[in-house]
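Protein chains in written order, with this note's numbering: chain V, 1 to 818; chain P, 1 to 818.
Among the hints, erroneous ones may be present.
Which copy is meant is left open, because identical chains are indistinguishable; a pair holds if it fits in one copy or across any two.
[Stated by the list, open to error] In the DSBU-like style, the derived pairs of lysine-lysine whose C-alpha atoms are separated by at most 35 angstroms in a straight line are:
id : residue 1 : residue 2
1  : Lys-704   : Lys-255
2  : Lys-299   : Lys-255
3  : Lys-605   : Lys-509
4  : Lys-255   : Lys-606
5  : Lys-509   : Lys-720
6  : Lys-508   : Lys-720
7  : Lys-310   : Lys-704
8  : Lys-704   : Lys-748
9  : Lys-255   : Lys-245
10 : Lys-720   : Lys-310
11 : Lys-704   : Lys-720
12 : Lys-342   : Lys-606
13 : Lys-245   : Lys-305
14 : Lys-245   : Lys-301
15 : Lys-508   : Lys-748
16 : Lys-558   : Lys-310
17 : Lys-299   : Lys-605
18 : Lys-299   : Lys-169
19 : Lys-342   : Lys-255
20 : Lys-605   : Lys-752
21 : Lys-606   : Lys-310
Read the hints as simulated data drawn from the structure, not as lab findings.
There are 2 protein chains.
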Amino acid sequence: MCQCDPFSLEPLQYMYGRYTQELGVYAKEEAARLREEGGRRRSVTERSRSLELLEYDKGRCAKCRTQKWMYGGLESNVFLQYLAWVTYPVVLITFSAGFTQILAPQAVGSGIPEMKTILRGVVLKEYLTFKTFVAKVIGLTCALGSGMPLGKEGPFVHIASLCAALLSKFMSLFGGIYENESRNIEMLAAACAVGVGCCFAAPIGGVLFSIEVTSTFFAVRNYWRGFFAATFSAFIFRVLAVWNKDEETITALFKTRFRLDFPFDLQELPAFAVIGIASGFGGALFVYLNRLIVQFIRKQKTINKFLMKKRLLYPALVTLLVSTLTFPPGFGQFMAGKLTQKESLVTLLDNRTWAKQGIAEGFDYIGNSQAWNHPQVNVFVTLVLFIVMKFWMSALATTIPVPCGAFMPVFVIGAAFGRLVGESMAAWFPDGIHSDGTIYPIVPGGYAVVGAAALSGAVTHTVSTAVIVFELTGQISHILPVMIAVILANAVAQSLQPSLYDSIIRIKKLPYLPELGWGHHEKYNIRVEDIMIRDVTYITLNCCYRDLHDVLLAGHLKTLALLESSESMILLGSIERAQLQALLSLQLGRPRRLEYLRDRATAEKKRLSMVSHPGSEDGSQRVNQEVRFQVSTVLTTHTELNVTLYEVSHVWSPQYHTELNVTLYEVSHVWSPQYHTELNVTLYEIAEWEENQLDEQVNFDNCKIDPAPFQLVERTSLHKTHTIFSLLGLDHAYVTSIGRLIGVVSLKELRKAIEGSVAVKGVKVRPPLSSFRDSGTSGTSSSNSENEATELHKLWDRHKSMSLPREHLASDSDEKSQ
Amino acid sequence: MCQCDPFSLEPLQYMYGRYTQELGVYAKEEAARLREEGGRRRSVTERSRSLELLEYDKGRCAKCRTQKWMYGGLESNVFLQYLAWVTYPVVLITFSAGFTQILAPQAVGSGIPEMKTILRGVVLKEYLTFKTFVAKVIGLTCALGSGMPLGKEGPFVHIASLCAALLSKFMSLFGGIYENESRNIEMLAAACAVGVGCCFAAPIGGVLFSIEVTSTFFAVRNYWRGFFAATFSAFIFRVLAVWNKDEETITALFKTRFRLDFPFDLQELPAFAVIGIASGFGGALFVYLNRLIVQFIRKQKTINKFLMKKRLLYPALVTLLVSTLTFPPGFGQFMAGKLTQKESLVTLLDNRTWAKQGIAEGFDYIGNSQAWNHPQVNVFVTLVLFIVMKFWMSALATTIPVPCGAFMPVFVIGAAFGRLVGESMAAWFPDGIHSDGTIYPIVPGGYAVVGAAALSGAVTHTVSTAVIVFELTGQISHILPVMIAVILANAVAQSLQPSLYDSIIRIKKLPYLPELGWGHHEKYNIRVEDIMIRDVTYITLNCCYRDLHDVLLAGHLKTLALLESSESMILLGSIERAQLQALLSLQLGRPRRLEYLRDRATAEKKRLSMVSHPGSEDGSQRVNQEVRFQVSTVLTTHTELNVTLYEVSHVWSPQYHTELNVTLYEVSHVWSPQYHTELNVTLYEIAEWEENQLDEQVNFDNCKIDPAPFQLVERTSLHKTHTIFSLLGLDHAYVTSIGRLIGVVSLKELRKAIEGSVAVKGVKVRPPLSSFRDSGTSGTSSSNSENEATELHKLWDRHKSMSLPREHLASDSDEKSQ
């Protein structure tokens, strides 16, 4: 791990130049090395994906050390020191942003919001590809190496999911169980647990955290899979530390040594509660600040325009600002700027008290703890400055378009806040609070643990951060304070702001179904009929291929409703778009066309053989002729034919275009040379044939029809619809009335309806159609149901008029299908 | 806590007599006191239900102490000692069994299987009543006090749920949010977490355990409610220990003091894995043994008959057997028989090594640990005997019909097994395994923790026992060994046997939907049409009240399908049975009857007033007359009328019977005395009137109709049906084909289908109808779908013949409705 021996004898100038040039190369090489190592190991066992993740961690440490050594080696000149301190992160972040931007922009950001959306059942394109994997891994390595306040939890989740997805894809080559679609979702859910689990060596917390941030309804049968995967990932992660001789045995990542017999006094509980409540407000503020920055940059058109042109300028500027402020000889000395995140956390969780005022023996700040002790400034001021500066820096840094998370910075800020409260308590009660003789001094480290769990819980709206801190510190003695603080922080934060991940989902406009607000849903009286799309594109059982073709051209829905007839509108099932395309291409496809041409050719041949010689022995000759002819035909008729081609293929989707081209070759292939001149005529004949084919009735016999598409009734409430959509992971549902299709609701409409009525500011915008129902109903369920009942007959009468459609005029039914 | 001062000076004989007489009284008084205290406190705060639970715990300790003291005071005579040792638990268990049997038999057993069923959405009658609460609390107190190997986790869950249900019922008096049905389910889910949480002072483990054992799909939004409730319950539970001066501050229940710096060596991991695998087999064996005992007793008719007569004999006999074997001067000396469960656990989790052979200083068995050290017998023999004896004893004891769980006994056995392995390891490697200079001796207590988590995890099929042990011991240092052992134990146990709770569900035949076997469900090609009931009872939109009446008499379904007509069979919605009953009683009810009678009376009166005097001034007189007349009428016409009454009311449900009686009074009330003699005639007229009323068409205007009952299609697969039923907690679903009702599937049919195809022994019994589909299909999904497609047209043709029902003969439709 000492590949960066100090070579301070070399000229500084040279070194500086070298370093700016070589850093990109170094980073690339390093990343490549790690990737290689990771790749090699991945083949050993499925679960060893944690190995790679570990490697990044080490790589990061190595880089941090590089920066520090550089900074240390330049002690003589503050300006050069500053240059070294600042340039290093700026280059790394810029490289990371550029690399990610070029290779796979999907790799930017945390990954948890996207995984939440994917686990909901939505397919995000390009999100789980190998390209994204490479971009995420290298981008994250550089981003973490820069020493900016960025986290790795979200990206780890994404990387683990990428591993799972690629593995699934690879395994599905061998068939078997991996071909199953639902199995893939289970793999992804387990991968999320692995991501969190090996980030903190916290298997239990990992599983719980991943459940909380990614699921709405969790299938308990997936539970132990998650545990299995996360345990092995954490195990391998920590075992490597042992094999590497860093540790003697497997222990916690940030091991604390608080006393076991009397971890805290009951009378300290109010202080823990205060931490919880304050963290709740802080967490909400963080989410708000983060969103504000993103929205500010988006809205400011001049800034936006400028930044769109120079995409790498924004990351560079932010990094410059942050690293300038943390420069240790500058402002950084007042906020322990020279410590990395890991070092800060280790010192903050220390079990000794920093500010011992009453007692003679003061705390001797040794090692990294020295950074907190400024000769002129009180440790409290350092802590306050650290919290305030890191707070906005983290909120700002997480908006940089590089692969990064926000969990770890928030965690550290929370720990600092807890430490601040703890130190204050220790200063207030130097002998502890306990009154029964024995002196149990207050442990500020315990407060730091509580603060870390509370603030990270508030930002992510999770309770399982409590479990994560236990696993991270290896001590569970503060369980009750942690639980109380986390619950209070959650209660406060959830009532003020969405979670950070939901906030990002909203910013990125991902297709996720938001939660219905609590306590409100009884009040909504929106029904499916208010939000459904009435103009459904459908096909009927007795339609012809031309209809199919028109429908395929018109809409972009993945599935289409199959109706009995456009008069009765009775829903028979749904067909996938791909199936219909297959049907259409089967009807107009190569084999049938060839068959037709062959039939025609033989008929022609017969006719011709009457006229000329019966040439049945010229088989081998003809082939040669054909090939030659083929080339010449294409060359000569190319310009002429194109017109026809476009006419014919214009109405079809691109695939028919290419197929038609193929047919051209085939035409020339099948026919004997003597029909050369007739080619143009034949092409028109083909077009005519195809027109005829299009008028034939569709044969659905070999088509895969879903006989049970999900159906709702027009009076299904928004709440019920939401529950069913989230439970079953639906994409769309048909609205039927007595078997007749009257509309369709997709995720889009539902999301609009929910967001429209649960505006962020608390103002409810109700859809226009829902208002008529207010008159006369007092809003209680009984009166609603009466309403339903009285309208039932009307409803029925309305439909009765439609129940014998054959007696209606054609114009009537036409109107309906509009 | 020292209410039982030894009074050994009193004559032993007298004391013995007194004790057998007074124990029941004492237990009752004690329970009453606890209940009172609990009741008083419950009013303080909602979450203080843990208080009561704590009290039971203390009550139990007090009783155990009583038994021990009694046993200690009788040292002079072994026989008397034996009598005292044996009689005490026998009386307590017999009382508990008798009390529970008399007051509320629903209180028997664990409670977790029932809660699992209730949370599934099934309503179990009498299961959440105040009576059950009383029976459970008192029964549990006595059962735990007996010192038998019985647990309290399951009953705590049940008690907490009872508290929640009663609280919900109480709060719903004030209206508001508590009236919501789904809110009650959420309350119950939180209560389950509270039950486990305050049993072990393990809030996180409690939440997770309750999720694992009670849910199939868990709504993540309920998660933090559970944490909130469980944290406060655990907090109050432990805070009371502090206020009681038992503890200085809040710490873990079974605090361990393993060393933190080197908890275990990596090379010990195989030993932990062995514990996990062995525990998996042990857990499966326990479940099997438990079920075997229950089934054996049920099947043996002679035993069964005898036991049915003398219900209390079985508990008494079992208790006698178990307590005889644990009698400390007898066989109990070889198995630490004199320790209570809690004492055993504390000693087993001790961080010192019992069997130190290589090193000079032997472990001095002090305090309770002495029980493990027999002068003649090795500690290994003691442990083995303890494990073997306790194993079958626990399996037997949990079949006693008293409120009891099995978690705690299993937990203790697991700890003993872990300790056995740990001690063996310690004996094998006296200096520890670590080779790098420093000696880290093996900690058998850590093995005990691992064993406890693994065995209890195997029996309950949960992973969260790992979290419970961390919270229970206050140390998380053994996280990886525990996780590995628990996962291995689960993997083994889940492949061999159902969990203990599922086993009990099967034994008790509770209406729970079993899980679909893993990896099998692709193979089932059972569809809804194979299992649905085709003979659906329904009502039509234009039916008359007589049909309603007949339908209500015929079936016992909670909801009925509402169809357009019996010819078209188009499903309009579903109506609750209660709604229909209300409709019927509205039609034939008092107000309308009175109105009819009044109309008739005024008509009569007018007719009469033509004849006799127009008596409009005799109001006050008439009232008196009426009252007198009323009594006489009832007396005189009583026997005569009864015949008519029965004739009329026979076809109705009981409620009409009583109403008719009321009508009799009203008849006499409304009419003036002079119609006295006409009463009999009028009664017949009423019957006639009612017959006419029954022939009227039903007016559904004021009826609450569910317009969107859940619909399936006949080709929906079993797997999909199962998922939808478990996700949405459905009770039944209608099977429709193009809007027409063709069948209904309820939980019962689904359960039969699943159990038929996933037989316990691994033999699949397939429903008869599913076999025809085998011919021609290779079982893959693609060929299945082709099958679907080819049959679609047939299907459609079949229904086409039904689509114009008005042209059909009536006989045709009659056939269909059969």
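Taking the hints in turn, this is what the structure says about them:
{"no.": "1", "hint": "Lys-704 to Lys-255", "in the structure": "neither (58 angstroms within a copy, 62 angstroms between copies)"}
{"no.": "2", "hint": "Lys-299 to Lys-255", "in the structure": "neither (45 angstroms within a copy, 57 angstroms between copies)"}
{"no.": "3", "hint": "Lys-605 to Lys-509", "in the structure": "neither (63 angstroms within a copy, 78 angstroms between copies)"}
{"no.": "4", "hint": "Lys-255 to Lys-606", "in the structure": "neither (91 angstroms within a copy, 99 angstroms between copies)"}
{"no.": "5", "hint": "Lys-509 to Lys-720", "in the structure": "both (24 angstroms within a copy, 31 angstroms between copies)"}
{"no.": "6", "hint": "Lys-508 to Lys-720", "in the structure": "both (27 angstroms within a copy, 33 angstroms between copies)"}
{"no.": "7", "hint": "Lys-310 to Lys-704", "in the structure": "neither (50 angstroms within a copy, 64 angstroms between copies)"}
{"no.": "8", "hint": "Lys-704 to Lys-748", "in the structure": "both (26 angstroms within a copy, 31 angstroms between copies)"}
{"no.": "9", "hint": "Lys-255 to Lys-245", "in the structure": "both (17 angstroms within a copy, 31 angstroms between copies)"}
{"no.": "10", "hint": "Lys-720 to Lys-310", "in the structure": "neither (47 angstroms within a copy, 52 angstroms between copies)"}
{"no.": "11", "hint": "Lys-704 to Lys-720", "in the structure": "both (29 angstroms within a copy, 17 angstroms between copies)"}
{"no.": "12", "hint": "Lys-342 to Lys-606", "in the structure": "neither (87 angstroms within a copy, 101 angstroms between copies)"}
{"no.": "13", "hint": "Lys-245 to Lys-305", "in the structure": "neither (52 angstroms within a copy, 69 angstroms between copies)"}
{"no.": "14", "hint": "Lys-245 to Lys-301", "in the structure": "neither (54 angstroms within a copy, 67 angstroms between copies)"}
{"no.": "15", "hint": "Lys-508 to Lys-748", "in the structure": "within (15 angstroms within a copy, 46 angstroms between copies)"}
{"no.": "16", "hint": "Lys-558 to Lys-310", "in the structure": "neither (38 angstroms within a copy, 68 angstroms between copies)"}
{"no.": "17", "hint": "Lys-299 to Lys-605", "in the structure": "neither (72 angstroms within a copy, 86 angstroms between copies)"}
{"no.": "18", "hint": "Lys-299 to Lys-169", "in the structure": "neither (41 angstroms within a copy, 53 angstroms between copies)"}
{"no.": "19", "hint": "Lys-342 to Lys-255", "in the structure": "both (12 angstroms within a copy, 31 angstroms between copies)"}
{"no.": "20", "hint": "Lys-605 to Lys-752", "in the structure": "neither (64 angstroms within a copy, 67 angstroms between copies)"}
{"no.": "21", "hint": "Lys-606 to Lys-310", "in the structure": "neither (71 angstroms within a copy, 101 angstroms between copies)"}
Hints 1, 2, 3, 4, 7, 10, 12, 13, 14, 16, 17, 18, 20, 21 from the list above are not met by this structure, while the remaining hints are.
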